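Student: Chains D and U, in that order, give the protein sequences.
In terms of my numbering, the first sequence opens at residue 3 and continues consecutively.
In terms of my numbering, the second sequence opens at residue 545 and continues consecutively.
Some chain U residues judged to face chain D by a derived CB distance under 8 Å, without partners named:
no.	residue
1	SER594
2	SER595
3	SER629
4	PRO777
5	LEU854
6	ALA856
7	ALA858
8	ILE871
9	ARG875
10	GLY876
11	ALA932
12	GLY975
13	GLY1006
14	CYS1159
Derived lysine-lysine pairs resembling BS3-like cross-links, with alpha carbons at most 25 Å apart:
no.	chain 1	residue 1	chain 2	residue 2
15	U	LYS966	D	LYS151
16	D	LYS111	U	LYS1158
17	U	LYS1114	D	LYS115
18	D	LYS151	U	LYS1158
19	D	LYS103	U	LYS1107
20	U	LYS1044	D	LYS115
21	U	LYS833	U	LYS552
22	U	LYS1114	D	LYS151
No lab work stands behind these hints, which were simulated from the structure alone.
Just so it is clear, the structure is predicted and the values come from calculations on it, not from any experiment.
We put the beta carbon where it would ideally sit given N, CA and C, even for glycine.
Residue-level listing of the chains:
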Amino acid sequence: MTEKSVIPFQGTPEQEAQLKEVIARYHDQPGGLMPALQEAQGIYGYLPVEVQRMIADGMNVSLSEVFGVATFYSQFSLTPKGKHRISVCLGTACYVKGSDKILEAVEEKLGIKSGECTPDGMFSIDSCRCVGACGLAPVMLVDDDVYGKLKPEQVAAIIDSYTE
Amino acid sequence: MTIEELNKIKAAKADIVKVRTIIAEEGEKLSKVTGYRKQVLVCGGTGCQSSHSMEVLDALNAELAAKGIADEILVVRTGCFGLCSLGPIVIVYPEGTFYAQATPEGIKRIVDEHLIEGKICRDLLYQETVHEDGSIISLSETNFYKKQMRIALRNCGVIDPEDIEEYIATDGYQALYKVLTSMTPDEVCQTVLDSGLRGRGGAGFPTGRKWMFTKDAPGDIKYVACNADEGDPGAFMDRSILEGDPHAVIEAMIIASFAVGSHQGYVYVRAEYPVAVHRLRIALDQARKYGLLGKNILGSGHDFDIEIRLGAGAFVCGEETALLTSIEGHRGEPRPRPPFPAVKGLFGKPTLLNNVETYANIAQIIRNGAEWYSAIGTEKSKGTKVFALGGKITNVGLVEVPMGTTLREIIEEIGGGIPDGKAFKAAQTGGPSGGCIPAEHIDTPIDYESLSALGSMMGSGGLIVMDEDNCMVDVSKFYLNFTADESCGKCTPCRVGTRKLLQLLEKITEGKGEPEDLDKIRDLATHMKLSSLCALGQSAPNPVLSTLQYFGDEYLAHINDKKCPSGVCKSLLQYEIIADKCKGCTLCARKCPVSAISGTVKEPHVIDTGKCIKCGVCISNCKFGAIIRK
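Just chain D, same shape as in the assembly (with noise of 0.2 Å):
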């Protein structure tokens, strides 16, 4: 394994009922491993070896075409993700009015780059491709919340709202 997570496995017993329900789902159906993973994905937050490691016993395929899966689509995380999930859409339309400054405004407000999660677990930054909000750009999403025509003197507001 390549990426460890910092952060030791705490799944719960209901975690893992869900998860075999879902395995019990998916395990006869063609192409059954990808929906799979999305839903245990939506059970842990993210996608740690352990849960793997059960998706690939409950599934009878093996633990590297697992991780074959969950590595090569940008969705899937090994690592957890800060309790808000900020996103700053790097598309093509957002990029041209500036979203790269956005991004950067973001980073230095809160002391850590995109792909990672602030120590005391409250925010993670990843970029984007295209929300599909071009009509804001530059847009940046926190969890399900949409920010548009963002200027980055606006970023650091924003992220204080979230720590009230």
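Fit chain U to the known structure of chain D by using the hints.
Tutor: Below, chain U alone, put in the same frame as chain D:
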């Protein structure tokens, strides 16, 4: 469901929906028959939802209930109207009045003044709909809509996408009935071929030919798939169609299943499009409930059902073989072609794969005939194309125009030109696989051939406008960053080539470029084009090659003069305060995030270039134009 039942639903709802397509007196008359005095349409597309249109909708419903007029007024949550930068959009029929950037407070006034007292709230209107003489025009008469021709988008912003009966009211599922009862699979394929429709996802392969290949491929089990993995950043037409008119895609897939002999379909849609997925699910459930999907469709004996598969964020999965591999549950890596999916596709079976916009044209081609469709467009590119206008343009949004419309018409007339009085520099089409079209070619009629001739491509229809402030070297670096990141790694020319190209561009934008780097770029690009496995690698050099062709002087300025003419590439920039103009207001010093500016009140300030991170905050805050970037 029988045709009689289908027609009954159509008759019951047709007038209500028709009010939204005709305006003035006729609409006035018609709305009296419908039982609704007015109809208020609120955009529920992702763009408007992001600007909080659902709060506007809630406020509208609450206010109508409070005023006791909820049963006189029909409220409809529609798909995308197209003018996303003006969201949330609210339209009132039968007048067709166009309220832009609506707010919950504004909507209360619209209820009180417009719906109750009959006085239009002029100050809340989209200003382009108010003439100098004070008269108000409807949205269909604005520059943005006037030149458009809506086929794929015909129902977007018109019907409620979560109500199958509104789709049926606009002739929905009539084409399916026609196909199932009066056409042979060969006739269906021939009609699609004769229409001249070509794939709207990128390469422009004749759709009818694809259908024929799949139909003729030997095998009992065949699949029909829909590519809704709209990965080109800045393109959002497929999302808008799924959000605004999902049944158009479903009906087309059922027609396709009959034509090629398939009983199972898949829609592969980006997980980043939650609203589209939600509406598609509702639409599929409703279609099943109405007997239009599943066993014995419309009593014809034909069986077909559709399953949704979610992508997980991989651009390469827009490539057809990679998409099929992903549906199979593997890493989305492309496979060599041939065999083409029509022969050996999903799970090794013959598979028909078209994209969302392509499907959205099918039912209308069947209903109106191949000649109707092929009469629109240019010699080799028939019909219309949807473009997602983005970047430095006034009317950001979705437009659908006949093939052959010039770039100038799209940008200056429909798009409203470049904001802030800046000069148009280039339009980027085709996303990371396309190229930039410079100002000197702005009068080019757009079709598949003309875009290829200019070194770009149609792609899925993203059209990003750039002005004088955009650096073309930086833009190609942006795209290479994207393709290098999204390369699946299976074949070496793409995996290593994109990385090497990116490194060369980084070197140039950092001011370390040498003249021979341009030869290296051209050489590497040729190898990638010739030897990459799939279109991602083959087309990844296009953004660099096209900017090199049209903006070679910008590359040379970076390499020889170590200057970025557009003032974008940070390593090549210096910020300086002009002492004569500086009033010593201290604003820049207070705003500077790294305290690189010093000086005393009412004295000229100075920038410590060692500390400066070149963020530009000082320039945007200076009220005296005393700070320059050079």
